[in-house]
Amino acid sequence: MASTEAQTPQIITGHDLLALEFEDQAEVIGNGILPVGAGLMIAGESGVGKSMFRLELAIHLVMGWDFLGMPVPTARKVFIVQLENTFRTEQARLRLILKGLDLDPAKIPLDRLKFSDPRIRLDLAKPKDHG
Numbered sequence: 065m066a067s068t069e070a071q072t073p074q075i076i077t078g079h080d081l082l083a084l085e086f087e088d089q090a091e092v093i094g095n096g097i098l099p100v101g102a103g104l105m106i107a108g109e110s111g112v113g114k115s116m117f118r119l120e121l122a123i124h125l126v127m128g129w130d131f132l133g134m135p136v137p138t139a140r141k142v143f144i145v146q147l148e149n150t151f152r153t154e155q156a157r158l159r160l161i162l163k164g165l166d167l168d169p170a171k172i173p174l175d176r177l178k179f180s181d182p183r184i185r186l187d188l189a190k191p192k193d194h195g
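If you count by the working numbering, then the sequence shown holds residues 65 to 195, one letter each, in order.
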């Protein structure tokens, strides 16, 4: 089964997944940790710093700055999908990260950083939410 970008999105089996063939992809962050077009899920217990970690990572990706010693070859747009925090909480955390990095929000491309509405809910029991 060959993989092409033009294919319609679908749900596939594990066997189909193993049969897919891909061309090498450009990296977004160090040595294939996050290739172009990929997503990254950060999960863990509440209160351990996931949101702050992902916000700092997002700022580094938006700015094109190395992160944790890994190169970020090109500045990127970042879309954060999260279902735990309100926009108020996200705003407070974003302000903290920017302050901690000594960044003026007016002088960096924050239009490249986008957030999903935390009220969005998916029910995978409903076919309409299979996307």
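Think of the hints as simulated: they come from the structure by calculation, not from any bench. In this text the structure is predicted, and so the values were computed from the model without any measurement. Glycine included, C-beta positions come from ideal geometry on N, C-alpha and C. Hints are supplied without guarantee of correctness; some may be wrong.
In the BS3-like style, the derived pairs of lysine-lysine whose C-alpha atoms are separated by at most 30 angstroms in a straight line are [stated by the list, open to error]: (1) Lys192 - Lys141; (2) Lys114 - Lys171; (3) Lys190 - Lys171; (4) Lys190 - Lys114; (5) Lys163 - Lys192; (6) Lys178 - Lys114; (7) Lys163 - Lys114; (8) Lys178 - Lys163; (9) Lys163 - Lys190; (10) Lys163 - Lys141; (11) Lys171 - Lys192; (12) Lys141 - Lys114.
For each label pair, taking beta carbons as the anchor points, the in silico distance ranges come out as [unchecked claim]: (13) Ala83 - Glu148: 17 to 27 angstroms; (14) Gly103 - Gly133: 14 to 24 angstroms; (15) Pro191 - Pro137: 22 to 32 angstroms.
Quiz item: What hints, given by number in increasing order, does this structure fail?
Solution: 3, 5, 9, 11, 13 and 15
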